[in-house]
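S.K.: Construct the entire structure; sequences and hints are all you get.
These protein sequences, in sequence, are chains A and B.
First residue of the first sequence: 0, per numbering that gives the first Met the number 0; consecutive thereafter.
First residue of the second sequence: 0, per numbering that gives the first Met the number 0; consecutive thereafter.
Heads up, some of the hints might be wrong.
[Unchecked claim] Pairs of lysine to aspartate or glutamate residues, derived as DMTMM-like cross-links and limited to a Cα-Cα distance of at most 20 Å, are as follows:
| # | chain 1 | residue 1 | chain 2 | residue 2 |
| --- | --- | --- | --- | --- |
| 1 | B | Lys-468 | A | Glu-526 |
| 2 | B | Lys-468 | A | Glu-527 |
| 3 | A | Lys-279 | A | Asp-342 |
| 4 | A | Lys-537 | B | Glu-512 |
[Said to hold, decoys possible] Some but not every residue of chain A turned toward chain B, in silico, with C-beta under 7 Å:
| # | residue |
| --- | --- |
| 5 | Ser-305 |
| 6 | His-307 |
| 7 | Val-309 |
| 8 | Trp-312 |
| 9 | Gln-506 |
| 10 | Asn-524 |
Since the hints were derived computationally from the structure, they do not count as laboratory data.
We treat Cβ as the ideally placed atom computed from N, Cα and C, and that holds for glycine.
These are the residues of each chain, in order.
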Amino acid sequence: MELSEHIKTANVENVTLMRPFHPPLKGTLCVTSHHLLFSDRKEDGSRQLLVLLRNIDAIEKSVENLFGYPSYTSKAGPRALGSSGTVTIKCKDLLVLQLEIPGMEECLNIAGSIETLSSLESVTEMYPFFYRPSHRSLQGPWGLSSAEQYYKQRERLWDRWRISNVNSDYSECPSYPRAVIVPREVDDEMLFRSARFRHGGRFPVLSYCHHRNQMVIMRSSQPLTGANRKRCKEDELLLQAVIDGSELGYIIDLRSAQQAQQARMTGGGFESKSCYNHWKRLHRHHERGKVLQESLIRLVEACGDSLHSVDRWLSKLENSKWLSHVHSALSTAGLIAECVERDGHSVLVHGSEGTDSTLLVTSLAQLILDPTSRTVYGFLCLLEREWIQAGHPFQQRCAHSAHSHARLKHECPSFLLLLDCVWQIWRQFPLALEFSEALLLRLTREVYASDYGTFLSNSEQERCALGVKENTHCLFQSLLKPEIEEQYLNPLYECTDLAIWPSVHPQSLQLWTGLFLRWTDHTQNMEEARDEIWNIMKEHRERIGQDKNNHTSSIHCETFTPFENLMDELTIL
Amino acid sequence: MEHIRTPKVENVRMIDRLNPRRFTLGTLYLSSTHTIFVDNLEARKETWVLHSLVSNVERLPTNPSGSPLIIRCKNFHVYRLLIPQEKDCLDVLASLTRLSRPERYGELFCFSFNPNLDKELREKAWSFIDLKAEYSRMGIPRNLWHLTAANHEYRLCDTYSSELYVPKSASPAVIVGSAKFRSRGRLPVLSYFHRDTSASICRSSQPLSGFSARSSDDEQMLQAIMKSNPVSEFMYVVDTRPKLNAMANRAAGKGYENEDHYTNIKLQFIVADLVSPSMSEFLWGLENSGWLKHVKAVLESGVFIAKAVAEDGVSVLVHCSDGWDRTAQACSVASVLLDPYYRTIKGLMVLIEKDWVSFGHKFSHRYAHLDGDPKEVSPVMDQFLECVWQLRQQFPCAFEFNERFLIQLHTHIYSCHYGNFIGNCQKERKDLKIQDRTHSLWPHLWENRAEYTNPLYRTDHSQTQGVLKPLTTAYCFKFWKGMYSRVEKSMASHQSPADCLNAVREESQQLEEELSSHQERLSQLKKKTLGERKNTNRASEQVCRPIPNKGELGSPLDYFTDLRSETHPPSFTLPLVRLAPPTCGDPDDLSTCSDFESGVADLSSHSSSAGDDAKEPDSDEGVNANA
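M.R.: And the structure:
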């Protein structure tokens, strides 16, 4: 079925649009296969609104004069001209729009079309497959980084680690990319065995190698020890090869000890001390899946109501528990970083599946430790390697956001939590990151609904099968275009080689107002403050520039003067 | 001096606030004005704590390593000391307890503080803020308002200043009559005049109306105030008490204006509750303390007044019971919202001098300068400063001063370092000869204003101009971390964008100067080509931006201090050894936990997860860990 067949009414005139920061506006509403378009039909085209249908999380309609009140309708004519409907559109970027649509039939049609079109599940029908900006071709490079490139760029990996293509046909682990970095002395046969022993085939692979002491962060999924404590020789050897000689490594299990114990009943498990005797296991409980999603829903709900008293707001904020999830993510990341940097030991991180919290804490740990990942380029590379290629199931996790009434299936805002944690780090170290809040905000939007194919599908395998790389544009490439990158730079950036240890004291963690209260009034003053900072920095740079120019010209002068002096002398003679 | 039993204690440990296992060894000295801790390290860093800033001193039970002593300050600094001998500890405790509660004004530090200024400079310093100049800056029309001599020698009201501005149309008899009808003689007088609408903010105390009493003089007084605003037909009377309180006051012969007796007034109750004295309460949980709720209420009353004055052009008379706490809060918040001048460094000083000092806010009672009735103590001014801080959060570019300025003001209100905030009213200050015996704070702050400047402030910025219209939605109120959870310098690892911007500004200025000097040179060079060659003196050194020193970017101790004990340095002793369920955060969190910055009470991780860590899943490992 063609997409356009879902559209019952494409155009409605005289629609009133209400949105934050703007006065109500009358104009024409238009539904296309991928967009909702609103325009007031003025020449300058400044008052237009274009919403990606994919961005719409929930739609609520209320129709007045549905039936009944015949006296009114009869007066108004046969088609019930007086009737109108209000459609409330709640977007995944937390924007809430209201449309007043004249005519109840149109209203229901529009609402119906939006509902169907915004919840399509087929990846190839999504907008990135149709997005063709005129100035860009599909032939350009797709993506920034991969395990191979990471390996190539880091000489320190070369003697003890190697690239393995054991997963080249995605048969060992469907959610891993083709190439992974593993210890040099472990052959593909052993990897094969280890993959059998791990949940979803996610055997331990290298995620990060610390530039100071060559210690590494590995990630995997839980071992399938089961109730009868199965063992896998190859898996043990693989981990032995990771620490190679050093006496100790840490396994950070992202479940509580109790949960880990329980996981054995369903075939999962944990590395027991007797089998992995050089590894010390620490448990850190992290909430996953549904709990996180519900926490987000509660938080957004609390932020949406401006009539709360202070007490009510505070208790709602607390009850959402969102900030305690931020707290646990940051403190576990800090723990990992501390193991690596301070104690000089390697770390293996896993939860049960190794596709959510695991990625969250390993990438945060890298941000803490690695100065290169704090640049725009480095950060995007990190996201690509640690989230997109590492098989975070974006398609499932970001199908719905906080407003949706749909029953929760696999939704989970792990990636949003990552961005929030990065924001906390940015706020605590305003000079340490090259990018600004704007980049994080852009990513929160793109991950739920995008023109680009970067966040489509659940794994490299799926992306490959659907031809995502061939048929869509890459978000990261476009973000790195100089003129676009400029918008996302942090004017105060000052590169530092040190690890940045975020404070996890409860007083230090804040609500990310830029995201959760983005559509409330007080954002505007913040914008102005931000602009002011930019201006100061720009002025400063210009002045430095001028000063340099001036210098060169004054140097010019100085080289000239001797000649002129000579000339003068000559004429005098 | 007679209160100091042990002036010097050696080998005292000052315990790090964040990590109780870290400490610095040093010597503790007690002087008549300060507690001084000098550490034994090479730098010999000195920590001075003014006795008048000490809020309470607590001694914990002696343990083998010594007697712990906790000094809590009124500006929320906390010092933890470990004194080797119990006897010394008791001595220090006794001395500090006495010294931190002076009984006479003469004991206060400001009377002994002598920064070596000669008499002339001191006098000049006291005239740094001139309220007469301030009233003329407001642009008061001379035909409507004038300075009355009625309160000369404090004849009418001993808690007001001697210079009061009243409507010109009010005759001396009306003024005297009105003062008689007001509690403690605090008659309605001008606090702020808004030039754009000629509406004014006046303040007074409650009328002594009881159930039926009335005074025609007072009614005429209000009429005169209303008339002094030619365009409006009525005025607001804002009572900042809960209506119930106001009604209860009527039984005591006080109360509020009866709308039947006063023509053309609209009575408005805006509740701005005063907080109970114990401030430490709100460390239990921001929500339970209700602190932010109170701040919100104060801001809302200010917003109401500002709106009436600026938008409706209606004059407002503000009062509560005595007109020196809530009234001062409401008037000054409204002034900050209305007038950009009060958002500058000098302007805020003027505002405090006008609305708080001159109108008799009882500083010495409220901030416990002397040992007195604890019921009188209340953080009224704190609430005002916090309101200004909350506004600063909403309008980052609108204020000339930064957070540091507010914190500095807060400290000095409690510190008794300067004479400005000593005593309870102008008369008392005059009797104490404050101006002859102490120094003024304002010039001191003014000299250091570079430190207190907000880099984002620009006089021509849109936020700077006009009336501020803040949001008072609950989520706009934040916890003032900089004030309430202050951390010692050692932890001040966080990069401050404001400092960075200030440094950049300075550097830009320097570059600008350099540029102009280069341009000058260029033109010189062009002119006299024959000139002798000068050395390039471009090397004016550049200001360094505050790049953090090595290792200054925080320390990782937060994440598992609990898993470690001192005896096993690098290995994480597994939690089994400990009895208490460990937490991910620092144990210190427990005392200070409850985050308020974003308003969340207690987010530290001792939730359900914590207990799990204590149990090891397989038994074979439990043994291992115990060993």
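S.K.: The structure should be examined with respect to each hint, and the outcome stated for every one.
M.R.: Evaluated hints:
With a C-alpha separation of about 16 Å, the suggested pair B:Lys-468 and A:Glu-526 falls inside the 20 Å cut-off, and the hint holds. For the proposed pair B:Lys-468 and A:Glu-527, the alpha carbon gap of about 15 Å is at most 20 Å, so the pair holds. With a CA separation close to 13 Å, the supplied pair A:Lys-279 and A:Asp-342 stays within the 20 Å bound. A threshold of 20 Å between alpha carbons decides the hint, and for A:Lys-537 with B:Glu-512 the separation of about 17 Å falls inside it, so the pair holds.
Taking 7 Å as the C-beta cut-off, the interface hint given for A:Ser-305 holds, the closest approach to chain B being about 4 Å. A distance limit of 7 Å between C-beta atoms decides the matter here; for A:His-307 the minimum to chain B is near 5 Å, and the interface restraint holds. Against a cut-off of 7 Å between C-beta atoms, the interface hint on A:Val-309 holds, since the closest Cβ of chain B lies about 4 Å away. Proximity of A:Trp-312 to chain B holds as hinted, the smallest CB-CB distance being about 4 Å (cut-off 7 Å).
The beta carbon of A:Gln-506 is positioned within 7 Å of a beta carbon in chain B (closest approach about 5 Å), and the interface hint is therefore held. The beta carbon of A:Asn-524 comes within 5 Å of a beta carbon in chain B, closer than 7 Å, and the hint placing it at the interface holds.
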